[in-house]
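Undergrad: Each chain, written out:
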Amino acid sequence: MSNTAASKTNPGNFFEDFRLGQTIRHATPRTVTAGDVAVYQAIFGPRFAVQSSDVFAKKIGYRQAPLDDLLVFHVVFGKTVPDISLNAVANLGYADCRFLKPVYPGATLSATSEVIGLRENANRKTGIVYVRSRGFDETGDCVLDYVRWVMVAKRDEAAPAPPETVPQLPKAVEPARLGSACPRIDTAAYDNVLAGSAHRFGDYKPGDKIDHVAGVTVEDAEHMMATRLYQNTARIHFDHFTASQGRFGKRLIYGGHAMSLARALSFNGLGNAFHVAAINGGRHVAPLFAGLTVFAWSQVLACADLPGRSDVGALRLRTIATKDKPCTGFPSKTGEDYDAAVILDLDYWALMPR
Amino acid sequence: MSNTAASKTNPGNFFEDFRLGQTIRHATPRTVTAGDVAVYQAIFGPRFAVQSSDVFAKKIGYRQAPLDDLLVFHVVFGKTVPDISLNAVANLGYADCRFLKPVYPGATLSATSEVIGLRENANRKTGIVYVRSRGFDETGDCVLDYVRWVMVAKRDEAAPAPPETVPQLPKAVEPARLGSACPRIDTAAYDNVLAGSAHRFGDYKPGDKIDHVAGVTVEDAEHMMATRLYQNTARIHFDHFTASQGRFGKRLIYGGHAMSLARALSFNGLGNAFHVAAINGGRHVAPLFAGLTVFAWSQVLACADLPGRSDVGALRLRTIATKDKPCTGFPSKTGEDYDAAVILDLDYWALMPR
Amino acid sequence: MSNTAASKTNPGNFFEDFRLGQTIRHATPRTVTAGDVAVYQAIFGPRFAVQSSDVFAKKIGYRQAPLDDLLVFHVVFGKTVPDISLNAVANLGYADCRFLKPVYPGATLSATSEVIGLRENANRKTGIVYVRSRGFDETGDCVLDYVRWVMVAKRDEAAPAPPETVPQLPKAVEPARLGSACPRIDTAAYDNVLAGSAHRFGDYKPGDKIDHVAGVTVEDAEHMMATRLYQNTARIHFDHFTASQGRFGKRLIYGGHAMSLARALSFNGLGNAFHVAAINGGRHVAPLFAGLTVFAWSQVLACADLPGRSDVGALRLRTIATKDKPCTGFPSKTGEDYDAAVILDLDYWALMPR
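Chains as they are written, first to last, in our numbering: chain A, 1 to 354; chain B, 1 to 354; chain C, 1 to 354.
Treat the hints as calculated values from the structure; they're not laboratory data.
Worth double-checking, as some hints may not be accurate.
To be verified - Listed next, the in silico DSS-like pairs over lysine-lysine satisfying Cα-Cα at most 27 angstroms (straight line):
| no. | chain 1 | residue 1 | chain 2 | residue 2 |
| --- | --- | --- | --- | --- |
| 1 | C | K250 | B | K325 |
| 2 | B | K171 | B | K101 |
| 3 | C | K250 | A | K250 |
| 4 | A | K58 | B | K101 |
As the list claims (entries may be wrong) - Covered, in the sense of this in silico footprint (three residues per stretch, anywhere, with C-beta under 8 angstroms from a C-beta of chain B), are these stretches of chain A:
| no. | region |
| --- | --- |
| 5 | 191-203 |
| 6 | 266-278 |
Don't be surprised by glycine CBs; every beta carbon is placed ideally from N, CA and C.
The following block holds chain A by itself, in its conformation from the complex (with noise of 0.2 angstroms):
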């Protein structure tokens, strides 16, 4: 069993390889396409016409159809699998994660990540890692910036622990941060027929809730499209041979596509909030695993002026996604425990037209 080339894979960072303030420029630039646009609409739907049509797109004050935001944010976060993620336990959550400016097809997409934050559990095993990640396009200008923290596996217990730094995270992106990414939009130009939807951004209040109806179903060779198609290589989405052998017995799904799949069930009465500008944190509550349905709710948790604009206004949405459960009774959390069916809490600032 010779192996002298064993070194030129890639094992992954473990817990102690991490330094506070390290920046890491990770690999894989890539060139977005209506190739991707494509792929990424036959597996998910999203029907919001801003990321459908050109010519909507251009009337209301972009330079065509931008990519749908969370492609972008799945793209970015792909590249950062291979050096953040690889050895990770768990994917704890997200914060402060703001969309900066648009992307369009022909921009190429590269990331970096900064450690700010790291804290050894008391096993000694595993530690928390806490990165600032960012996109950038090929001018070089940062298109998404956000905070992830993971639980990641150390190779050596006995490695000594590092100085304990959790960062202070907001809660909730401050509204006057949003926006970068969305144009002056002309909202006499902005068409609610085209657009599916009559409600614009006065007509929602904090405590709204919205079922959104439809469920649909997951099949792995959707998952893992999807999930190549973000260059996001972590096995376990991929490697249904070792999975039966491991803890859940099957290929588990990107939490990604939870949110993907969520985000575009809720063009189903929100379907002008065509811009995610911000999202402010998410649990992956539970796993999800093909031949599941997927069902989202959604609760509008405020609505926010952005200082200095009057096209648009911000709603912070509450976006819940279940397995197997239909949401019309808005299952949710009761104390600390989540419903069983949760799969997703997603908390996220959009954007709608006045």
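Fit chains B and C to the given chain A structure using the hints.
TA: Just chains B and C now, kept in the frame of chain A:
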């Protein structure tokens, strides 16, 4: 279970919501791209040279390779679903469907429908809605025009029945109304070898039967991806959880999926029928589900000249698709009863070079 | 059962239909686009930076990101199937396959084949056909040139055997004949970090073995979509109804699918082997079916200079793919017998920057 925002989701229209003469502008304009062409190619595998190669298409008279005619049909059809058939009980038929202008990657399609007929059923629980739907490109030109009728549920049985109007519909589009979407073809430049068939218009005669030989098994991931590509949201195609408790026990495949499979299979024997100029009628005879294998055969019903054109002729074709039954025996109809394996009976005009 | 048009379908060629020296122009020219690139990306997940990013590719010397070499191979191969292998009993081998020119989105590929060998088998029921196939772009330049041989059924055992001609084929392409599809690479501009590997040509030596670690489970929808993307019509890949009664009991996955999976997996350990310059030989050792998980490992057979070039070197690689068996133990061949898990044994040259 407080839901103050229930009204924001789309319940679709019920039979009593339609009015004769009503015009509906559908939502979700869509820029169709080379990405959509590739996804469609991957799901159906068509080999018609005109849509496959820009060089071939330009050589014979197109600006570049146009989109597959049925891809255009499905994208336009998908836009009508939220308004016309969300509460449909059955899709009853099509007529007078004409392809009017080539659609190229980069075009933006939108759709409208006019209610041209209404007939409540005796049971007062449902009614038939007849609509003429049109697809437009970004210049405002009509690219597709067809009539469809569906059985739609009533919200309230007691709602008064509208005056009965059943439109007169042609059994077939007249040859004189064919060919607007087909430029003058340079038949000398049309290379049979590259096209994959030595048989041109004059080689077919009424009565010819062609078994297309190959079968293709459908997977859930495929039909869902195709249907989402068209932004067709009908729930029964996507939601196994709900379907498992319903009439079929599983997800029903969009009827148009069988049309596209049959059209792709028909290349074997009709390789030079490069353009679907019109659909005279179509019947989804039996439901199609994943795991079944689709076969197809065609009969030439008529061979017609296009007045004023000598480049192409029109074949009126009847293509029958089956599930799990090769078509060596040309399974069809005896009296009013179809062979149990038949899933689709499609009557259309295709153009062939002379 | 009147079928006057039976002759219009393509029965494919049988062994006795081929003539030595015969040249076949294949059908179905195909414009390859960014859409095809995205679908291929979604099915195989390659991470080589050159094909992933226009910026990276241009920086080192390409016009833009070229298509994945194996995608070009499969598209060309697909065009030969209706003429060469519709009645094939087995795909026996490849040799002398060279990639000659970069192919970019927007190119139109067509193919020809020349019969360079014929050998009827002693049983008189089959014979081996050797063809040299070439892929061309729209300028008429040859982009790909390879030899393949298949065992083809005879229509009529009594048909006379042709004179036996077995071509002399090189065991491997000589290094001097490599690299036409690879522009002069600016190795200083080639960024290892963005490429995802610190190992360049000089870091490998003959005998090195690299386990590529990850496994990927194949789904029917995926392999059918890929094979249809290439317009490869071989029925055994698509028709479960017929296959269920046949030799394997299920759909056989196109051998090229395993090649592309293995190539994508090989990124881990060979991340800078950015261009497949030639394929020396390939054997589909055992069939692959959906539900199985593909693993791969590679051995460096040789490291060669390209005469007159100092930018890149060529690694002769042997990549072995397995089903349901991780490659930590480098499963291979003992004498003439392969490990039961081996599905593919591929011998090729890949270029790496110095």
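Undergrad: For a quick check of understanding: which of the numbered hints are violated here, in increasing order?
TA: Failing hints: none at all.
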